[in-house]
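A.B. asks: Each chain, letter by letter, is given below.
Protein chains: 4
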Amino acid sequence: MNSFGNIFRLTSFGESHGEAIGGVIDGCPPLINADTDFIQRELDRRKPGQSDLTTSRNETDRIELLSGVFEGKTTGAPIGFIVRNTDAHSSDYDNLRNTYRPSHADFTYQQKYGIRDHRGGGRSSARETVARIVGGAFAKLVMQQETSMEIKAWTSQAGHIVLKEHYSKLNMNQIETNPVRCPDPETAEQMEALIRTAKAEGDTVGGVITCVCTGVPRGLGEPVFNKLHAALGAAMLSINAAKGFDCGMGFDGASKRGSQMNDIFCRKDREDITVRTNHSGGIQGGISNGEDIVFRVAFKPVATLLQKQQTVDINGEETLLTIKGRHDACVLPRAVPIVEAMAAMTLVDFFLLAKTWSKDIF
Amino acid sequence: MNSFGNIFRLTSFGESHGEAIGGVIDGCPPLINADTDFIQRELDRRKPGQSDLTTSRNETDRIELLSGVFEGKTTGAPIGFIVRNTDAHSSDYDNLRNTYRPSHADFTYQQKYGIRDHRGGGRSSARETVARIVGGAFAKLVMQQETSMEIKAWTSQAGHIVLKEHYSKLNMNQIETNPVRCPDPETAEQMEALIRTAKAEGDTVGGVITCVCTGVPRGLGEPVFNKLHAALGAAMLSINAAKGFDCGMGFDGASKRGSQMNDIFCRKDREDITVRTNHSGGIQGGISNGEDIVFRVAFKPVATLLQKQQTVDINGEETLLTIKGRHDACVLPRAVPIVEAMAAMTLVDFFLLAKTWSKDIF
Amino acid sequence: MNSFGNIFRLTSFGESHGEAIGGVIDGCPPLINADTDFIQRELDRRKPGQSDLTTSRNETDRIELLSGVFEGKTTGAPIGFIVRNTDAHSSDYDNLRNTYRPSHADFTYQQKYGIRDHRGGGRSSARETVARIVGGAFAKLVMQQETSMEIKAWTSQAGHIVLKEHYSKLNMNQIETNPVRCPDPETAEQMEALIRTAKAEGDTVGGVITCVCTGVPRGLGEPVFNKLHAALGAAMLSINAAKGFDCGMGFDGASKRGSQMNDIFCRKDREDITVRTNHSGGIQGGISNGEDIVFRVAFKPVATLLQKQQTVDINGEETLLTIKGRHDACVLPRAVPIVEAMAAMTLVDFFLLAKTWSKDIF
Amino acid sequence: MNSFGNIFRLTSFGESHGEAIGGVIDGCPPLINADTDFIQRELDRRKPGQSDLTTSRNETDRIELLSGVFEGKTTGAPIGFIVRNTDAHSSDYDNLRNTYRPSHADFTYQQKYGIRDHRGGGRSSARETVARIVGGAFAKLVMQQETSMEIKAWTSQAGHIVLKEHYSKLNMNQIETNPVRCPDPETAEQMEALIRTAKAEGDTVGGVITCVCTGVPRGLGEPVFNKLHAALGAAMLSINAAKGFDCGMGFDGASKRGSQMNDIFCRKDREDITVRTNHSGGIQGGISNGEDIVFRVAFKPVATLLQKQQTVDINGEETLLTIKGRHDACVLPRAVPIVEAMAAMTLVDFFLLAKTWSKDIF
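Chains as they are written, first to last, in numbering that gives the first Met the number 0: chain E, 0 to 361; chain C, 0 to 361; chain Y, 0 to 361; chain F, 0 to 361.
Hints were generated in silico from the structure; no laboratory data involved. Source: prediction; values computed, not measured. One should not assume that every hint holds.
[Unchecked claim] Computed cross-link-like contacts, DSS-like style, restricted to lysine-lysine with a CA-CA straight-line distance of at most 27 Å:
id : chain 1 : residue 1 : chain 2 : residue 2
1  : C       : Lys72     : F       : Lys255
2  : Y       : Lys323    : Y       : Lys307
3  : Y       : Lys163    : F       : Lys354
4  : C       : Lys323    : C       : Lys307
5  : F       : Lys354    : Y       : Lys307
6  : E       : Lys168    : E       : Lys151
[What the hints assert, rightly or not] Here are some chain F residues the structure puts well away from chain Y; computed CB gaps all over 12 Å:
id : residue
7  : Arg40
8  : Asp86
9  : Glu270
In this text, a Cβ means the ideal position worked out from N, Cα and C, and glycines have one as well.
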């Protein structure tokens, strides 16, 4: 299914080389200022061709808002929108009509549906995330207007280059100043160099994005199956090329003792409680505890290589594949706003859900 | 919300020290043999008191099937069941009525609901997973009767002890032969020793469970938001103490190049296609490709320590907490069947969902 | 699927002659007084054997609350409950194992599932509505504690006997004073006589239940697909033997002109607006307008007759059917509390849903 | 929420005078021929300006398919589409910005959302049903290609003019030959005259649409809450101005005895079973029994009158309202294809859902 969320719900449609990418945002509260400049800026952060690290596909990614907004404000009605595809070079993909790219979705789509739109990867292309950026932008507008929540993501690993500092030591204002979206300029340069080298070799690079959500009210998350970090995990793992997720100390915490990991409660001030550490990453028992929510998303390297690769065609014959088309050597820089968008939609959804009964809490 | 799944759907209820843990399985196909011996064996794998590594709470965990089965077969009607709580020592928890255990759900439940059943952790207790085992057992029965799918999970890390062999080199028949559920006897012994040491110190140990699903048909998974590994991730992260999930090469793949990671397609035989490697972990583009599905789940150490800990009470006063009650020093051994249960429910759910349109594929 | 509602959600299970009827109420707000006496009184209104008009099956219908309530208050955790079946005479149904009752669900269950529990009608029995009464009772408790809403239903037609007075002229306190649950004593007597006659002939009687919901806040209902009357309609048509639903003037309004039907707005007082008439039945554009919600539910006569009937067996052989077992000659009296329960769950569900964004409205 | 269906799912967006009406169809099976001529013909049946009985708004209602179709066939990806609004006269609605039309959704939208797009009724306009027609057209294409199901609806009552013949005696080929869509030419003429008279008086007329679905396989419908007629009821009651629904004998059956109403099973031929009558309307116990599904939908007269009406403005001041704009005097003729569309989506959704487990039944 192509819908995401319970109360605040995005339904997405569109293929890479079809008419348009689009979506419907249902359940957005009324009377939110639909700041189209902000939405467009968010789209621009994801846009192809931002730097020479990314695909050179040239899309302006202009949003057309079709419904749900009246005189600049949301009305509670569903927000329909489209972003036209204007620079598709479909003939570059002719040889993929009958051949499967290794580790791409070509094969599994064909198996599942018995048909696929091979042009530009069709529905499996990350171009679909345009719709998520728009959904996320509206969620961020709700957050800004109705809550204290803020979200910040960045590239914390590209290939073997890892940013090791704790996020409290980083200058988040640096994230958007370099093409890899890493808040440490020195590490950013190393990442950039690595990606450039891989690109020159027709190769690709994986990595990790870290995300921190601040100002999250206590009480978001459903305690059993819809734990807040389970929902965030599903959101992140739904992003193209994402293969791993952890929260707080995550995989690193697996080797620790309870006595090292437990977050000791203490007084914040006369009226409130806080914790000495935040190894839990802001979520305990599946419910936000008011501390920063911290999580990581692992991305595999892009599957589409500009090197020759062995593969098979749809008849099962082995063949040598040469890719044309325009592709990213590393998705991380452009995935940063997508991680933020998915986080924003998830948090707003749980925020609205929590309002169903917690009249005395917020 | 306390329901899991779309077509095959478990709704769970019950608190640790309430009358019973129970659930409803909706959407189970009819005419499945409801093998109660098998279901009970699965419950026994999760049961407390299996070894001296686990809590000494003494529950027989007898299932009462209340509906949905007629003359030994499922009828398509919802399967209601309960497992009585018979060995709750609620007075052990009296001091937790007004005090929050560090890193436990006590605080967040109180914040979210303004009330909580503090006895035995109430709804936040892992005792709730009894319902998941039953749901998973029915899913496994569907798998056995209707599909070629099989699921095997094991403890691959406890604390700093890591089982490094690739799973193809392991003897899965060894898993159930030791109390930590690790297929390598030597590593199992080290894990056991580690947990025993931690327990003696009133401390706890985290770890990692690895799971492999074989015989999964191609085409399971929804391509955008409900990618198969996103659904598995949400399922796993909903388990108590789970803080991380990855699939295939996962976090390790983040440091790799595309040319190292891509799974090259080749001929399997005259009629079929396979891959030379399985770095994707059986899922590409969110859809199963017919190879083994492989994933890991990271667990933090249990939060409830038998050491004295600093904390606060519900008035925000700092206090020193001493825990009574019976607790696991490491959840991994008992979490192995829970991981399997969640995987089984997820795969059966997507299997049934895939049948809605893929008449020519299976 | 066996779940009802979005936020306030009942999942029901159980067969007529199985171990128990039960359910899980998910999404009930915390801190609601779980008044078990009230819940039991609601169950008693539905109970068999209340009068000689109803089936003589003798069930005490004692509720066992299994979870979700702590020290008399709901906790936000799912409320699991069962009601044991204690007076099933399954051998009365032996001849139905292989024979289909005309107009009953025997045939369609067998076709759909390839198996059925024939004892007492199995899952298709109206005994399942025990779970709805419990769900409705909790919904009524939410309504009493958190809202101004009230619900009142009654038998307004039995066979050809129709109660013609407008509900504003009726004394609702009379409803529970007679076995047919009709607020007009004279009409009640005629209905009673009619049912008694039919029963003596081994025949059954249909009818209509009318329901009025007062104090419903403005703004409940989703404007397009989940219109409030569409949801109420689905709720009512899910009751056994219900075959029709209308709201406000309903079918009678189809023959009217707009100029006769429109509800003219006027001032209520200095600060508020009301309408001169309520032909809309309290819902306009799918959303409650603050006036009384009024709807009707049409029930066909019970299909199980104590007369001999022609039918076929599962081999398609024609045969003459003689029914044993204990059956209602008219479901209306016992369906009155079921209509109320379904209305209560629907209204509370939409009330909670409306709270997601309407902070300024209520 | 603005989505309809479980497996085959339409999400709709758009306002009467916004940029476009549109939608997303999710869960449509792959490899369905997306016959755009057929889709356009269905849109034309709903289009304004078909006859002098309908609104004179002049829309070509051209569909733009944006995704989900490749080389003429559906791909399993979501089908996004829009229909531009090209003939909106928004200034005709200026006086409705601050005034509530009696019995219209103006008041309730304002109460629910605190804002509304008053132009052309905004989201509450029946222009939204454009999206339903497209969803229904795709559902009909699935039905034609994959099933034996067919759907036929017609105007069976307009004001006090009632078509009394049983549908088996009617010539369905006549439905599209007259502007009211009534299969009996004589009755059609009376209806037409009635609507014309009302229109001349600035008044409006209600009525009833009857719908018959043939070739429906046995086993569609979920037995408890999602009974097939409950889902059809919710679908129909979600149509603008619909206020009542019944199935089979419906409200008329309420006055009957069981012995009159029961549908006696008999042999159809050597291998199959049928019924002597179809008072159940093709559904028993909530599940289709293979007979014709028959239901009625009651519509109130259009609320927007071209007569002067008393009402209040948003400040609660009483005022006299004069309507401009272009409006239908009777919605029935244009609602016929909408009823069919909603029925088609419902049946296809349940058909796909039934495939999840009934491999041996169809």
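A.B. asks: Each hint needs a verdict: does it hold in this structure or not?
C.D. replies: Cross-check of the supplied hints:
1. C:Lys72 x F:Lys255: Between Lys72 of chain C and Lys255 of chain F the Cα gap is close to 39 Å, so the pair fails against 27 Å, i.e. violated.
2. Y:Lys323 x Y:Lys307: Cα-Cα ~11 Å, so holds.
3. Y:Lys163 x F:Lys354: violated, 46 Å
4. C:Lys323 x C:Lys307: holds, 11 Å
5. F:Lys354 x Y:Lys307: Violated, at about 37 Å.
6. E:Lys168 x E:Lys151: This hinted pair holds, its Cα atoms lying about 14 Å apart.
7. Arg40: The assertion about Arg40 of chain F holds, with a minimum of 24 Å to chain Y.
8. Asp86: For Asp86 of chain F, whose nearest Cβ neighbour in chain Y is about 22 Å away, the distance exceeds 12 Å, so it holds.
9. Glu270: violated, 7 Å
Violated hints, listed in ascending order, are 1, 3, 5, 9; each of the other numbered hints is respected by the structure.
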